[in-house]
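A.B. asks: These are the residues of each chain, in order.
There are 2 protein chains.
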Amino acid sequence: MSSPGENTLRIDGPRLWSTIMRSAEVGPGVAGGLRRLALSDSDKEIRDIFRDWCEAAGLPVTVDRLGNMFARREGQEPGLPPVMIGSHLDTQIAGGRFDGIVGVLAGLEIARTLNDRGVQTRRPIEIVNWSNEEGARFAPPMSASSVFAGVNNLAWGLGRTDAEGVTFGAELNRIGYAGPLPVGGRDIDAYFELHIEQGPILDQAKIPVGVVTGSYAVRGFVTDVIGETSHAGPTPMAARKNALVGAAMIAVGVNDIGWKYSPDGKSTVTRIENWPNLVGIVPSRAQVTVDMRHPDLETVKQMGAEFMALLEDVRKRANVETAIAEDWSYGAEGFDESCVALVRDAANALGHENMDILSQAGHDAFNMARVTPTAMIFCPCTDGITHNEAENCLAEDVFPSVDVLMHAVLNRANRL
Amino acid sequence: MSSPGENTLRIDGPRLWSTIMRSAEVGPGVAGGLRRLALSDSDKEIRDIFRDWCEAAGLPVTVDRLGNMFARREGQEPGLPPVMIGSHLDTQIAGGRFDGIVGVLAGLEIARTLNDRGVQTRRPIEIVNWSNEEGARFAPPMSASSVFAGVNNLAWGLGRTDAEGVTFGAELNRIGYAGPLPVGGRDIDAYFELHIEQGPILDQAKIPVGVVTGSYAVRGFVTDVIGETSHAGPTPMAARKNALVGAAMIAVGVNDIGWKYSPDGKSTVTRIENWPNLVGIVPSRAQVTVDMRHPDLETVKQMGAEFMALLEDVRKRANVETAIAEDWSYGAEGFDESCVALVRDAANALGHENMDILSQAGHDAFNMARVTPTAMIFCPCTDGITHNEAENCLAEDVFPSVDVLMHAVLNRANRL
Chain A
-9 MSSPGENTLR IDGPRLWSTI MRSAEVGPGV AGGLRRLALS DSDKEIRDIF
41 RDWCEAAGLP VTVDRLGNMF ARREGQEPGL PPVMIGSHLD TQIAGGRFDG
91 IVGVLAGLEI ARTLNDRGVQ TRRPIEIVNW SNEEGARFAP PMSASSVFAG
141 VNNLAWGLGR TDAEGVTFGA ELNRIGYAGP LPVGGRDIDA YFELHIEQGP
191 ILDQAKIPVG VVTGSYAVRG FVTDVIGETS HAGPTPMAAR KNALVGAAMI
241 AVGVNDIGWK YSPDGKSTVT RIENWPNLVG IVPSRAQVTV DMRHPDLETV
291 KQMGAEFMAL LEDVRKRANV ETAIAEDWSY GAEGFDESCV ALVRDAANAL
341 GHENMDILSQ AGHDAFNMAR VTPTAMIFCP CTDGITHNEA ENCLAEDVFP
391 SVDVLMHAVL NRANRL
Chain B
-9 MSSPGENTLR IDGPRLWSTI MRSAEVGPGV AGGLRRLALS DSDKEIRDIF
41 RDWCEAAGLP VTVDRLGNMF ARREGQEPGL PPVMIGSHLD TQIAGGRFDG
91 IVGVLAGLEI ARTLNDRGVQ TRRPIEIVNW SNEEGARFAP PMSASSVFAG
141 VNNLAWGLGR TDAEGVTFGA ELNRIGYAGP LPVGGRDIDA YFELHIEQGP
191 ILDQAKIPVG VVTGSYAVRG FVTDVIGETS HAGPTPMAAR KNALVGAAMI
241 AVGVNDIGWK YSPDGKSTVT RIENWPNLVG IVPSRAQVTV DMRHPDLETV
291 KQMGAEFMAL LEDVRKRANV ETAIAEDWSY GAEGFDESCV ALVRDAANAL
341 GHENMDILSQ AGHDAFNMAR VTPTAMIFCP CTDGITHNEA ENCLAEDVFP
391 SVDVLMHAVL NRANRL
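Those protein sequence lines, which keep their order, are chains A and B. By the numbering used here, the letter at position 244 of the first sequence is numbered 234, and the numbering carries on one by one without gaps. By the numbering used here, the letter at position 338 of the second sequence is numbered 328, and the numbering carries on one by one without gaps.
No lab work stands behind these hints: they were computed from the structure. There may be inaccurate statements among the hints.
Which copy is meant is left open, because identical chains are indistinguishable; a pair holds if it fits in one copy or across any two.
Each computed SDA-like pair below joins lysine to any residue, with the alpha-carbon atoms no more than 20 angstroms apart [to be verified]:
no.	residue 1	residue 2
1	Lys306	Asp246
2	Lys306	Ser252
3	Lys250	Ala228
4	Lys231	Lys306
5	Lys250	Pro226
6	Lys250	Asn309
7	Lys231	Trp249
8	Lys291	Glu323
9	Lys196	Pro226
10	Lys231	Ser252
Source: prediction; values computed, not measured.
So here's chain A without its partners, still in its complex pose (with noise of 0.2 angstroms):
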């Protein structure tokens, strides 16, 4: 469906990286990346300069009640539901410059370079900057389009609370970032999302463009270990309920199953909380978050199951009780396959050496996957760092995807 000068059509790199650049400089973290959380003065400040990016591009932004931004690249049927290009701007605590940021403002350069050719599209363009796709301020991850989604509702998302106890929505109006637009709820046509690899397997394989088939099975644990306080000095061993030994086994129990899945499984204890976490008391409560992943839905399901008999062997060993405070799983669906060749078409008609993978991080895409035929597309990122102030791209490693997501996007918006 491209027109015949389409098939030239390259993104300006320069441009482009020039713009991440200038976004690198918000929020600067203390070793070369970003602290850019999500709602903070940082976060109001990229999502400023982002507006006035696309506005100066001649695209109107709008906002819904999630702080997610919208800008429309109009089509030349404006009433049907548009393509959308989309990712965050919001970063970890010890965050890289690219993370997500790339798939934005490569919907922004994707704009540009249509503009400078004056093509049209059949559909409208909107690309988007989901709120909070990290979650590293407020948990869970991804939680404005989950919303936006339907898997949860508006008031859940402006409940989430940071480690002060100051709400989303809270924070939303105080940086002006509060939109009057419903969550969600409207048709999408087809939703594209560029991301870093965040892994190490295109770098190494030397490979520029990941067509993401789908991702890895996930699940999660909240489990709180419930124990009983008392002094450390004269508690004698056997009359103990130490919760913080329950938690430290199901830590290590939990990394041993990673181990027996690994190359292709991995299993962390990523966060614990003790209480009264003081010298000289036994703890009587500790909670531990669980994220385990395996490509294979069935295998992730098996290493749940052995968690849950870990769980039961901690309690006998360490004379305490558990609790499963909340649980999730996502991925293992794999996208939609119309979209994903459009990818796969565009990367090898350009010539860009491509692979198929999965995922093995979360995504928004994930939850528009829900809603709307989705695919993502991976860039390689340095070694494989990421969530880390190091990580790093080359620029030869993000114009080829860039390019493929404009020419995938062009496909679908123009199609009849």
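Let chain A serve as the given structure and place chain B on it in line with the hints.
C.D. replies: Showing chain B alone in chain A's frame:
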């Protein structure tokens, strides 16, 4: 050395009990106990009340630069060094109504009783309320008495910070208890401390008076575990340096050491910190606080050596580095034999069944033992429960020990 009338001298039990119960109203917890953290508003409130009580009993109160309070009952020979009775009025975050408090208020009751009966002593008697014994807000415990005893210096004591980074010195100024007196550096004739046992031995044996001959040997370590942050999804198990796995292995191993030396030995990880402690992130750094106790000094040294071997093992198994950030040892030295004998003799003279016992917890008395002849008395507490809002003492558990304390102090204060 007692005068004839002193043989019938007994404290006013109901008065002491009502004083303890008035204290129990200041800084209530959520489950019947106290939350009266050092230098909090409720600590200021009980300090004000304690000062009023002392002044009403004719005891002028002076305060040193760390907020330690000294209520002085003058002796017939004011130039002689005083005999001190002391403990602490601060509590754990979810603490009891008796821990420390009984010891301070026993001193007050003794002064009141001596006043009632017109008993003079050769040496002055001073009742001390030590600041921040618990260390629940400003680590470590017993910080102010450690400066008094010259173990640490004043700047160190003022510079202790709470979890919000507020310094001890700033909070002391805020509550108006930064006094003018230098900390320590003066002659003390002897130091006596009455404390609840914080263990079940006296309660189970139904013996009202514990003659504390010394303490368990205690070793402590704050240990950093250094790994590397990465994404919990894509990062293969073999590429990880998961600091929390290392910390968890330490917590489990430390517990195993405790069991190996059970029932006399105890070994506990009481505190854990984990960075960045976020969902989806492999932890880069963790810190554990380790507490090891045994009545025998050589054995606790052996437990410490096993801990070092554990660290070596953990470094290999978890692919992390470790570093000891802080370590301490205390106890293991006996109290002053003549002062201990005064306690034992007083108990026998008063007809109170008593037994020799070792302290398993840390007390300001261990700091004081470095600079003056020192002894301690334990009274029973129900089921040995302490550092817990359910901590309880019966009046009949407390009164015998206070009489014993009074007669031991009288004999010491009146000796030629």
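A.B. asks: For every hint, state whether the structure bears it out.
C.D. replies: Do the hints match the structure? See the list:
1. Lys306 - Asp246: Cα proximity of Lys306 and Asp246: in one copy and across copies (19 angstroms, 15 angstroms).
2. Lys306 - Ser252: Answer is between; shortest inter-copy Cα gap is 18 angstroms, intra-copy 28 angstroms.
3. Lys250 - Ala228: This pair counts as between: shortest inter-copy Cα distance 11 angstroms, intra-copy 32 angstroms.
4. Lys231 - Lys306: Within one copy only: 11 angstroms inside a chain, 29 angstroms across chains, cut-off 20 angstroms.
5. Lys250 - Pro226: between (35 angstroms within a copy, 12 angstroms between copies)
6. Lys250 - Asn309: The answer is between: 17 angstroms across copies meets 20 angstroms, while 26 angstroms in one copy does not.
7. Lys231 - Trp249: The answer is between: 13 angstroms across copies meets 20 angstroms, while 29 angstroms in one copy does not.
8. Lys291 - Glu323: within (14 angstroms within a copy, 56 angstroms between copies)
9. Lys196 - Pro226: Answer is between; shortest inter-copy Cα gap is 19 angstroms, intra-copy 58 angstroms.
10. Lys231 - Ser252: between (33 angstroms within a copy, 15 angstroms between copies)
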